[in-house]
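Chain order of the listed sequences is A and B. So the first sequence is numbered by my numbering: it starts at 1 and just counts up by one. So the second sequence is numbered by my numbering: it starts at 1 and just counts up by one.
Hints were generated in silico from the structure; no laboratory data involved. Careful, some of the hints might be misleading.
Unchecked claim - Using 35 Å as the maximum straight-line C-alpha spacing, the simulated DSBU-like pairs for lysine-lysine come out as follows:
#1 A:LYS253 to A:LYS104
#2 A:LYS104 to A:LYS63
#3 A:LYS109 to A:LYS130
#4 A:LYS130 to A:LYS185
#5 A:LYS212 to A:LYS253
#6 A:LYS253 to A:LYS63
#7 B:LYS163 to B:LYS72
#8 A:LYS273 to A:LYS253
#9 A:LYS253 to B:LYS272
#10 A:LYS130 to A:LYS253
#11 B:LYS200 to A:LYS130
#12 B:LYS197 to A:LYS3
#13 A:LYS185 to A:LYS212
#14 A:LYS212 to A:LYS273
#15 A:LYS186 to B:LYS72
#16 A:LYS104 to A:LYS185
#17 A:LYS128 to B:LYS200
#18 A:LYS130 to A:LYS3
#19 A:LYS186 to A:LYS130
#20 A:LYS128 to A:LYS212
#21 A:LYS130 to A:LYS104
#22 A:LYS212 to A:LYS104
#23 B:LYS272 to A:LYS104
#24 A:LYS63 to A:LYS130
#25 B:LYS197 to A:LYS63
#26 A:LYS212 to A:LYS63
#27 B:LYS197 to A:LYS104
#28 A:LYS212 to B:LYS200
#29 A:LYS212 to B:LYS197
#30 A:LYS128 to A:LYS104
Claimed, not checked - To give an idea of the chain B side of the interface with chain A (calculated C-beta under 10 Å), a few residues:
#31 PRO151
#32 LYS272
#33 ASP275
#34 THR288
#35 LEU300
#36 ILE304
#37 GLY378
Small disclaimer: the values here were computed from a predicted structure and weren't measured. Even glycine gets a Cβ: it sits at the ideal position worked out from N, Cα and C.
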Amino acid sequence: MIKLSHMTKTYGAITALDDLSLEVRNGECLVLIGPSGCGKSTLLKTINRLVEPDAGEITIHQKPIHDYAPEVLRRQIGYCIQGVGLFPHLSVSDNIAVVPRLLKWDEPKIQARIDELLTLTGLPLSYKTKRPHQLSGGEAQRVGVCRALAADPEVLLMDEPFGAVDPMTREQIQLAFRELQRRLKKTVLFVTHDLEEAILLGDRIALMHRGKILELSTPESLGQSTPNETVNQFIGADYALRILRRSTLEDLKLTAVQPQTEDRRLESTSSLKEALAVLLESGNQRVITVIDHQAYRVDVGDIMAHLQAVRYG
Amino acid sequence: MTSGRLRLRLAGLVLLGSSFGLPVGDFKINRIMRPIPVPLSDLIGTFGVILVVFIGGVALWTLAKSMSSFIKRWIVWGLALVPGVLIFGLSTFIPAGVEFNPEAARMALGAGTAGIYLAVLLAITSQPSSRWLIVVSIGLPIGLAVLGQIPMIGIVKEYQNYKSTFNAEFIRHLTLALSSGVIAILPGILMGYWAYKYPKSSEGILSVVNLFQVAPTLSLLGLIMIPLSLLSKQFPFLKSLGISGIGFAPAFIVLTLYALMPIVANAYAAFKQLDPAVLESAKGMGLTSRQILRQVSLPLASPIILSGIRTAFTQNIGNAILAGLVGGGGFGAIIFLGLSQSASDLVLLGTLPVVIMALITESLFERIQARLERQLRGAHD
Chain A
1 MIKLSHMTKT YGAITALDDL SLEVRNGECL VLIGPSGCGK STLLKTINRL VEPDAGEITI
61 HQKPIHDYAP EVLRRQIGYC IQGVGLFPHL SVSDNIAVVP RLLKWDEPKI QARIDELLTL
121 TGLPLSYKTK RPHQLSGGEA QRVGVCRALA ADPEVLLMDE PFGAVDPMTR EQIQLAFREL
181 QRRLKKTVLF VTHDLEEAIL LGDRIALMHR GKILELSTPE SLGQSTPNET VNQFIGADYA
241 LRILRRSTLE DLKLTAVQPQ TEDRRLESTS SLKEALAVLL ESGNQRVITV IDHQAYRVDV
301 GDIMAHLQAV RYG
Chain B
1 MTSGRLRLRL AGLVLLGSSF GLPVGDFKIN RIMRPIPVPL SDLIGTFGVI LVVFIGGVAL
61 WTLAKSMSSF IKRWIVWGLA LVPGVLIFGL STFIPAGVEF NPEAARMALG AGTAGIYLAV
121 LLAITSQPSS RWLIVVSIGL PIGLAVLGQI PMIGIVKEYQ NYKSTFNAEF IRHLTLALSS
181 GVIAILPGIL MGYWAYKYPK SSEGILSVVN LFQVAPTLSL LGLIMIPLSL LSKQFPFLKS
241 LGISGIGFAP AFIVLTLYAL MPIVANAYAA FKQLDPAVLE SAKGMGLTSR QILRQVSLPL
301 ASPIILSGIR TAFTQNIGNA ILAGLVGGGG FGAIIFLGLS QSASDLVLLG TLPVVIMALI
361 TESLFERIQA RLERQLRGAH D
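With the hints as constraints, model all of the structure from the sequences given.
This is the structure:
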């Protein structure tokens, strides 16, 4: 658990952190979102001491981070930034091996770890000898994630890690990261300015504005607790549509039916947003999905009921 | 390809002009007598000149039009031999009706020879991979001189007269240029790094270093001589070490100061162009500042730093000529001696080796740089 208490940081007249407190629970991905200049990157960097706050205290697993020398602290925390920052003169495997080597792991263990991570992120092992300039943007980003995970840190700090990737690749890598996080259960603080990304990846979302946290809640109930003009403006009127992306047809309570040839079929892993789009253009045609060899009818009412349950229920 | 065509056209023009208009040699009965110009037609007759220009024209035309690279290869190798053959011909030429003593008489290379050599260089460099051809075009005349095949050529005569001086100054020149360059490397890199690390100091450092560069070399030499001679007067032991207002010491100091500028400026630029994301992730992963410098910044900055060192050395080879003015020796001593005696061959004897040394230095560094870059980018692409 990362606990930040009463963090304050000013740059001249600008207040980046304004008496801010926050807890990141073990094994959750907390997404910190806000307009640029709201102080979210500053907050993230106080945790691995790239930025020293004017006031406030941070503990990781109840231990104050100032008990460690900055370098020792940083080696225990995975760090992944926009533009990746892979070392261009080192091969992919040497890039991943940086922190394990700093921690003086023995070489066979490092090599095994590199193979494990490449497989985990879906990169072929033949990439080990490649140089960063030979990778595509998405591949480089995956290697960046590998590098951050190399020494198996419990805590992961990610500063707009997928911000520089083109939209198509970004969605792929976001989904891949979500899969990874579901398996590894790291304690992640993830900074972004992309609401879609926050909704897709966050277990909880902290909305930050002018050095303060305006709201902290699950993506489903963001904007629900207290009516706030800034929050509403930020999440937008179509927010309900956006959170449909978080659920799939498998999450719905559906009615079983007999499939017919003229039915329109949907994959059971389709997001509710996709399902809704198909329903909107289906007209009179019946839309079904098959889960465990049983066909179910997909209806707008089911989606609405689900949305009501997760958002307002 | 267009620049290749342009070179060939230019080569044709130069060849035409130098073959017909300019003397290829200047025959002198002795060192100070008025030269007798020797046009190419004296060597091979008017018909010969027309033939040479015709053959040369056809050769250049063939190079310009895309034909088999096999024929082109033969043509450029042939062209590379031309200067050597011409100089050999000049050495054996005896003008008609002139009384002379073969001990004192000499044949200075004329503007025509320079022109023909220029035409050959233009033609050679219009083709890819011309390095070895250039080496041959320079090497053949030198080889002939070493083998004693062209004893009448003025520059060879001067070499025979000044052999021991030449060899001593050669060593001197090389020592001066290289040692002052080597001495400048470490402080240069450190100052560049300092300027990058502490932005407030960068303007100061760069402008001081720039000052050395802007100040004319000669006046810098003069400025250095004053404190040095005062020092050696105050502390006689310095004089016994060879440090005084004239000689090796002031030349060495000035050359070192000169070598600093390109090294500092390049090191500064090299560190400055490092990707901030790379540096931030290095720090964020827990590398100490020393580890970042050793494992990340220095390797990534090294190609640009090296190109600064390359500039410093090439420039030092040339600048070391000025040491001759303050008794520091080197080829400058020969050049200025030649100037004072109006002995153009002696001047040439001093300048040619400097040009060749600069070219060799340049190509050596080019190779090291290419290797370094390959290493940084990875073996395969």
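Evaluated hints:
1. This hinted pair does not check out: A:LYS253 and A:LYS104 have alpha carbons roughly 52 Å apart, beyond 35 Å.
2. Straight-line distance between C-alpha atoms of A:LYS104 and A:LYS63 comes to about 23 Å, which keeps the hinted pair within the 35 Å bound.
3. Note on A:LYS109 and A:LYS130: the hinted pairing holds, with a Cα-Cα distance of about 20 Å set against a maximum of 35 Å.
4. Taking the CA atoms of A:LYS130 and A:LYS185, the gap is about 29 Å. The hint holds against a cut of 35 Å.
5. Between the alpha carbons of A:LYS212 and A:LYS253 the distance comes to roughly 39 Å, so the proposed pair goes past 35 Å and is violated.
6. Of the supplied pair hints, the one linking A:LYS253 and A:LYS63 is violated, its CA atoms being roughly 45 Å apart against a limit of 35 Å.
7. Our distance criterion of 35 Å between C-alpha atoms is broken by B:LYS163 and B:LYS72, whose separation comes to about 40 Å.
8. Restraint check: the Cα-Cα separation between A:LYS273 and A:LYS253 comes to about 16 Å, which is no more than 35 Å; the hinted pair holds.
9. Taken as a hint, the A:LYS253 and B:LYS272 pair is broken in the structure, with Cα atoms around 59 Å apart against an allowance of 35 Å.
10. This hinted pair does not check out: A:LYS130 and A:LYS253 have alpha carbons roughly 48 Å apart, beyond 35 Å.
11. Between B:LYS200 and A:LYS130, the direct Cα distance comes to roughly 39 Å. Violation of the 35 Å bound is thereby established for this hinted pair.
12. The hinted pair formed by B:LYS197 and A:LYS3 meets the criterion: a straight-line CA distance of about 34 Å does not exceed 35 Å.
13. For a cut-off of 35 Å, the pair hint linking A:LYS185 to A:LYS212 stands: about 27 Å separates their Cα positions.
14. Distance restraint check for A:LYS212 and A:LYS273: the Cα-Cα separation of roughly 32 Å lies within the 35 Å cut-off, and the hinted pair is therefore satisfied.
15. This hinted pair does not check out: A:LYS186 and B:LYS72 have alpha carbons roughly 67 Å apart, beyond 35 Å.
16. For a cut-off of 35 Å, the pair hint linking A:LYS104 to A:LYS185 stands: about 25 Å separates their Cα positions.
17. Simply put, A:LYS128 and B:LYS200 have alpha-carbon atoms about 41 Å apart, too far for the 35 Å limit, and the pair is violated.
18. Note on A:LYS130 and A:LYS3: the hinted pairing is violated, with a Cα-Cα distance of about 39 Å set against a maximum of 35 Å.
19. Taking the CA atoms of A:LYS186 and A:LYS130, the gap is near 28 Å; set against the 35 Å cutoff, the hint holds.
20. With a C-alpha separation of about 43 Å, the suggested pair A:LYS128 and A:LYS212 falls outside the 35 Å cut-off, and the hint is violated.
21. Using a Cα cut-off of 35 Å, the hinted pair A:LYS130 and A:LYS104 holds, with the two alpha carbons roughly 24 Å apart.
22. About 40 Å separates the Cα atoms of A:LYS212 and A:LYS104, which puts this hinted pair outside 35 Å; it is violated.
23. In summary, the hint linking B:LYS272 to A:LYS104 is supported, as the alpha carbons are separated by about 31 Å, within the 35 Å threshold.
24. Of the pairs offered as hints, the one joining A:LYS63 and A:LYS130 is violated, with about 39 Å between alpha carbons and a cut-off of 35 Å exceeded.
25. For a cut-off of 35 Å, the pair hint linking B:LYS197 to A:LYS63 stands: about 33 Å separates their Cα positions.
26. Straight-line distance between C-alpha atoms of A:LYS212 and A:LYS63 comes to about 24 Å, which keeps the hinted pair within the 35 Å bound.
27. Between B:LYS197 and A:LYS104, the direct Cα distance comes to roughly 29 Å. Compliance with the 35 Å bound is thereby established for this hinted pair.
28. Distance restraint check for A:LYS212 and B:LYS200: the Cα-Cα separation of roughly 34 Å lies within the 35 Å cut-off, and the hinted pair is therefore satisfied.
29. A distance of roughly 33 Å separates the Cα atoms of A:LYS212 and B:LYS197; the hinted pair therefore holds under the 35 Å criterion.
30. Among the hinted pairs, A:LYS128 with A:LYS104 is consistent with the structure: their alpha-carbon atoms are about 20 Å apart, no more than 35 Å.
31. Because the smallest distance between the Cβ of B:PRO151 and any Cβ of chain A comes to about 55 Å, over 10 Å, the interface hint for this residue is violated.
32. Restraint check, B:LYS272 versus chain A: the minimum CB separation of about 16 Å is more than 10 Å; hint violated.
33. A cut of 10 Å between beta carbons decides the hint on B:ASP275: the least distance to chain A is about 7 Å, and the hint holds.
34. Annotation: B:THR288 was flagged as interfacial toward chain A, and the flag holds, the nearest CB pair being 5 Å apart, inside 10 Å.
35. With its C-beta approaching chain A no nearer than about 6 Å, B:LEU300 sits inside the 10 Å limit, and its interface hint holds.
36. Hint status for B:ILE304: violated, given a least beta-carbon distance of 13 Å to chain A, over 10 Å.
37. For B:GLY378, the interface hint holds, since its Cβ comes within 10 Å of a Cβ in chain A; the closest pair sits about 4 Å apart.
Consistency with the previously given hints fails for numbers 1, 5, 6, 7, 9, 10, 11, 15, 17, 18, 20, 22, 24, 31, 32 and 36, ordered from lowest to highest.
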